[in-house]
Each structure stands twice: as structure tokens, then as C-alpha cells.
Amino acid sequence: MRVTQPAIRSALIFAAATVAAVIAAAVMTLADHAHAQTDDAMRSPVEASRQPRPRIEVVFVLDSTGSMSGLIAAAKEKIWAIANSFAQARPAPEIKMGLVGYRDRGDEFVTKVTPLTDDLDEVYANLMALQAGGGGDTPESVNQALSEAVGSMKWSNDETTYKVIYLVGDAPPHLDYKDDTHYKRTCEAAVRSDLIINTIQCGQMSTTTPIWQEIADLSEGRYVQIDQSGGHVVSSTPFDKQISELSEKLDGTRLYYGTSEQLAAQTERNEMSGIKSIKKQAAESKLDSKAWTRLSARRALFNSDVSGGSNFLNGAANELVHAFNEDGLKLSEIDAKQLPEDLRKLPKEQLEKELKVRYEKRKELRKRIRELGEKRQKFIESELAKRKDATPVIDVELYRNTLEQAGKKGIQFKSETPAF
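Under mature numbering (1 follows the signal peptide of the UniProt record, and there is no 0), read the sequence shown as residues -36 to -1, 1 to 384, first letter to last.
The hints are simulated quantities; they were obtained by calculation from the structure and are not laboratory data. Model, not experiment: these values are computed from the prediction. There may be inaccurate statements among the hints.
Pairs of lysine-lysine residues, derived as BS3-like cross-links and limited to a Cα-Cα distance of at most 27 Å, are as follows [said to hold, decoys possible]:
1. K325 x K40
2. K312 x K325
3. K76 x K244
4. K213 x K339
Taking the hints into account, I'd like the entire structure generated from these sequences.
Spelled out as C-alpha cells, the structure:
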């Protein structure tokens, strides 16, 4: 059959169109994937929070005896950085933390427990109140602390949740307490509950090393040994002070409604978790002004992220600005007596305007905090690149574990580097 020139041209045009369509489809697919990986911070908090979100639950089991003073001080410094590292998952994860501080029988306490919660201000406050003391001998009540972390916390039953315990200490467990649950049984229970136990040995006590390694092996975790101080990254950055100041302004955009009892309770709660409280807790823990500025800056970065939304609102469903602008609350549904006192006499239109103004201010503050946070992170990474040592530090080791272990749950992270 003889093929004419017009037929050849038509075939070529059709082929070209087909190739173009395939390429366009591929580009659209890649674009859709890239859009899916876009930082949640670019969306409104309510839009991002309504996306299917991964869950991360972590409990720190922390030796609180006198020899651990350096590590506890480091933990107080790093808790918000660790939270920000978890928040780098995309989509933005729901994050809960818990704490088990432990010593030994005969000390001031054996364990102090903070249940799993998304109120990280509460975890932070309890960590700040935890002082190293007692001890002076070994072993310690590791078995009891680990058993409580596995068995007493309200862990999620969702199989996709990344659930992890970090056992952090320098001394081995008592093996002579007959009423203790041996760590081997606790590890078996952890595996049944899809819980990973990672162990971090502080210092180089030879009797601790094999047990810490065994606990990690038995519960599908990782073992690492670090310096007793917890390691040191970068003290301060030129951006901390400004972020801290913006944090105070961000906290100031919160308004609550409810009964007089609810408002009083919320006011007290805000005072316990705000910037002034952080400064007070830092002073009581003998942290200098630069240290608490770093703390408040890191907290601001967490609260400006979708993952920190609940913490920013103090877990309250009655935060007025959020409820009106994002949850569709109608002011007609609220008794004027339940509004903050200085807003009760405002006409409806003026009140709505005030809530919209605060909402826009909140969005702008969050945006500015995130921008400064990116500069802060780049500054620290640049400083770290100048160093030649590779001494393990606790937050770096935590994040390394998280990338690997959470990745097996399908949780992806936007950065290979932890948030500092």
C-alpha cells in the first residue's frame, strides 16, 4: 500500500501530540507530587490540620540522679528543638510526648511520670521542675521506669503511629528487686505493642553498656553512647531574641470564651505556659538569659508550625480567634457574658472585625517567625559545617533514629538535618 505525504504528516502530528500529552501528564504528576510535599506552613493552619496526618508518640525515660545533671540540663535546652525535628515530617504530624524521670528506692522519688500529651508546655514545665539529685551509687530503678513507660502510658493503637521510648541514663538496672518487672519482659511487651525502645548511654560505665545494648536489641531499637553532658551544638544565634519577642506577641493574640470558671482556669493555664513562665522556669533552673531566649525561640518555632497548633491554643476548643475564623463559630451562639470582659460591650460587627484583625496578625506573626527560623537553622548548619569533630549529641542521634524508624511507618521528613 502506498503511503501519501499527507498521511505521513498526519501520523507525525498525531505521534507528536501523543508524546506531548504523555509528557504533560508526567509533568502534572510530578507537580502534584511536589505540591503534596509542599511545606504545610504554606497552607492555613486549619487547611493543613485537616489533611491526613501521621502520628508520633515519644516518651523519654530519664535517669534523674545526681550524676545526670549535665544531661538533664541539656534536655531542658533541647526539648523544643527535638519537637521541631519531629515537626519536620510532612504532612505535619500530630506529636505527643511523655516523660518518666527515675531515681531509686530510698531516694526522694522512684519515678515521676508525665503522661503522653500534645500539651508540650506541660511536658516542658515538668522537665524544668525535674532536678538531678540522689543517687551516689548504682544500680538504679531502671526496670520500674521502663515498665511504667511501656505499660502505663496511653499509647495509640493505630498501627501507622511511630511509637518510641528513649531510655537515657548512665547506670544499670537493679536486678535484685524481686517485685520488679525485668527489662526483658518489658521489651517483650514493647514489641507486642509495636513500641521501639532506643537506648542512650551517658558516659562509659562498663556495667551499663551490655544491658543498654540488649534492651535496644530486644525491642528493635538502637543503642548509642554519648558524653555525659548530652553534647553541644551551637549556643545562640543572631535571630533568637527577635523570634522570642515575636513569640510573646503571638501568645498575645489568644482570646478565650466560656464561663467565668473556664476563663479563670484558662488564664492560669496561659500564665503557666507563656513566655513569662518560661523565663521564670529558666531562672529557677539557673539558665542564663541567652538560654531562656533560645528556649522561647524554639518554642515559638514549634507553635508557629501546624504540629504545634494544639500546643499554641493550650489544647483548648474555646480559643475565640481560632474558633471564629477556622471552625465557623457564630458569635450569636455565645452569651456575651462568656466573652473576654473587654470585648463584651463591642457591637457584633466591631467584634467580628477585631477577631479577623487578630487572625491576620497571627498569620503574619507565624510567617515572620518561620522566616526567621529558616535563617536561624541555616546559621547553625553553617557553624556546624566549620567543625571537624563528629561527637554524637543527643538531638542529632534522636533525629537519625527517627528518620530510619518513622520511615518504616511511611512517615517522610522534609530535611535530613534535625532542627536546632
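Hints, one by one, checked against the model:
Restraint check for K325 and K40: not satisfied, since their Cα atoms lie roughly 30 Å apart, outside the 27 Å limit. Simply put, K312 and K325 have alpha-carbon atoms about 20 Å apart, close enough for the 27 Å limit, and the pair holds. For the proposed pair K76 and K244, the alpha carbon gap of about 22 Å is at most 27 Å, so the pair holds. Restraint check: the Cα-Cα separation between K213 and K339 comes to about 20 Å, which is no more than 27 Å; the hinted pair holds.
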